[in-house]
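From first to last, the protein sequence lines stand for chains A and B.
Heads up: the first sequence begins at 0 in numbering that gives the first Met the number 0, then just goes up one per residue.
Heads up: the second sequence begins at 0 in numbering that gives the first Met the number 0, then just goes up one per residue.
Keep in mind the hints are simulated off the structure, nothing from the lab.
It is possible that some hints are incorrect.
[Claimed, not checked] Restricting the straight-line Cα-Cα distance to at most 20 Å, the calculated cross-link-like pairs of lysine to aspartate or glutamate (EDC-like) are:
| hint | chain 1 | residue 1 | chain 2 | residue 2 |
| --- | --- | --- | --- | --- |
| 1 | A | Lys39 | B | Glu83 |
| 2 | A | Lys225 | B | Glu83 |
| 3 | A | Lys225 | B | Asp143 |
| 4 | A | Lys229 | B | Glu31 |
| 5 | B | Lys202 | A | Asp151 |
| 6 | B | Lys202 | A | Asp230 |
| 7 | A | Lys229 | B | Asp200 |
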Amino acid sequence: MKQSLLTVISNSALTSNVYELKLSGIEGMNIRPGQFVNVKTDGNYLRRPISVCDAEGDILTLVYRVAGAGTAEMSTWQVGKKADVLTELGNGYDLSAAGDHPVLIGGGVGIPPLYYLAKELKKQGKTVSAVLGFNTASERFYEEAFREVCDDVCVTTADGSYGIKGFVTDALPQNPTCSYACGPTPMMKALYRSLACDGQFSLEERMGCGFGACMGCSIQTKSGNKRVCKDGPVFRKEDLLWED
Amino acid sequence: MGRLSVELCGIELDNPVIPASGTFGFGYEFAELYDINCLGTFSFKGTTKDPRFGNPTPRIAECSMGMLNAVGLQNPGVEAVINEELPKLKPVFHKPVMANISGFSVDDYVYTAKKLDAEDQVGWLEINISCPNVHGGGMSFGTDPDAAYEVIHAVRQVTKKPLIAKLSPNVTDITAIAKACENAGADAVSLINTLLGMRIDLKTKKPVLANTTGGLSGPAVFPVAVRMVYQVHKAVSIPVIGMGGVSSAQDVIEMMMAGATAVEIGAANLVDPFACPKIIEELPAVMDRCGIENLTDIIGIA
Ligand SMILES: Cc1cc2nc3c(=O)[nH]c(=O)nc-3n(C[C@H](O)[C@H](O)[C@H](O)COP(=O)(O)OP(=O)(O)OC[C@H]3O[C@@H](n4cnc5c(N)ncnc54)[C@H](O)[C@@H]3O)c2cc1C
Ligand SMILES: Cc1cc2nc3c(=O)[nH]c(=O)nc-3n(C[C@H](O)[C@H](O)[C@H](O)COP(=O)(O)O)c2cc1C
Ligand code: FES
């Protein structure tokens, strides 16, 4: 973990309530796909955990949905603003488990961390498929970015206004070697039931610290009690206790 | 003794800054961030006789200038603390550590205290009496002077180490509880533990915390903590450890002026993992500005 004062270099709306924030200034950035950062916002006591969407050079990209007071404050950040950010948090995805044809499955603001993962998996020469789930056409973001990186991208919308009508589970590719997933809990549980291959699931919990100190984010797994922020947020599908 | 050093129950601390139980784990993970030997000491995660997972999530809620937690005393149990956690701490922390102990019956407390009393790494036992007493209808030991007396008296019989009673603020008269603990043989009292609170999510119309209620801490509670430390310092003749919302060197000094011999820092560590070393570094300059030569000169000066 590192604490850095980063500089906003852009903060632009991708949809009516999803923003892309670019921050510069991390020295010796050492961030793995699936890790997250914890962002201090003005007027709120706790930090806000946001996944790393991309990390290139000294520029960190975050994509966030305005959900409440903290993310609303972030959406007002202007270029040049200094942001207090804890970086290199969490374990990240295990790329060595990918096999030849991994599939990345994201729902809503669970999609951003998969972008950095897709780039890194392509660097390793994998055939990468992505399934991106949204509620409706107007909520789509990053589709083009994924198309540039992945071999195959499928978009679903719950209301059928774009792409395949339905959920990500309705659009899974044939015989992937491994799945990497991030999204709302109902989506993750549906994937848990329908995916035959190994999987790495990124989970979400309310956090006190984000770096393992408070036990605020604990879950029970087949290999014992784990902190989502430090032992996760990525867990092996086989480890989750989601049978019921 | 340096300008910052204080004495806590016969053990000298290089400075009065002590990360509070539940916000610092068992210390060794913070040792990856900075040299934790800069601290006065720290109080490790509340330890119970048996391992505990704690409450379901969400366990954390936010509020203006503070947070609620309902972790529910997640810890690996005293056996694992002794066999796994303390050995990991040993190579990175060379000072006596404060052992924070919880229980749900007098026997629980005595069992855990006896085990930790035998550990050389442990300097003080801090008994968290805010826990519900399963044999007392679930009422917290810390809200009844007789129950507080009973548990501290029982632990006193099994330890020669300095014994600190950690008091709950969820009472009408905290001085009555503090005096009961002093009479039972406590060498010091520490306060405040968290204040019982609750938040409701306007969208779901349900409590934010799965446990419904949780403990409030952070800057929001600081004035309450200062008031209680002041009252308890006047009421007892044993040292008082002050905590509750401390987030700066100024807050440390204010807490000591209220009567604290040492100061614990909780929630601030969660928001800024480097809060404690920053505060220790800032103390001398703030003391200079306030015309304070040695911290021991200001204890209870208000
Ligand atoms: C590991 C991790 C990665 C995340 N990555 C992203 C991301 O890339 N993009 C994105 O848009 N969102 C992401 N989230 C969710 C994001 O953290 C919340 O939407 C955000 O904290 C809401 O803050 P707020 O002040 O706007 O909302 P409020 O509802 O006002 O927040 C109140 C409190 O609840 C917490 N909280 C509220 N919703 C969530 C939630 N869903 N998960 C965790 N804590 C929550 C807040 O942190 C804060 O402490 C991630 C969450 C986690 C745990
Ligand atoms: C996440 C969290 C966990 C805590 N766990 C414990 C505990 O195990 N034992 C204990 O005595 N106090 C526990 N506390 C209380 C703190 O030690 C401290 O008394 C309280 O938070 C007030 O200080 P603060 O405002 O600086 O946080 C916990 C507090 C927090 C925020
Ligand atoms: S949020 Fe504090 S331990 Fe995970």
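Outcome of the hint check:
{"no.": "1", "hint": "Lys39/A <-> Glu83/B", "in the structure": "violated, 34 Å"}
{"no.": "2", "hint": "Lys225/A <-> Glu83/B", "in the structure": "holds, 16 Å"}
{"no.": "3", "hint": "Lys225/A <-> Asp143/B", "in the structure": "violated, 36 Å"}
{"no.": "4", "hint": "Lys229/A <-> Glu31/B", "in the structure": "holds, 13 Å"}
{"no.": "5", "hint": "Lys202/B <-> Asp151/A", "in the structure": "violated, 37 Å"}
{"no.": "6", "hint": "Lys202/B <-> Asp230/A", "in the structure": "violated, 30 Å"}
{"no.": "7", "hint": "Lys229/A <-> Asp200/B", "in the structure": "violated, 26 Å"}
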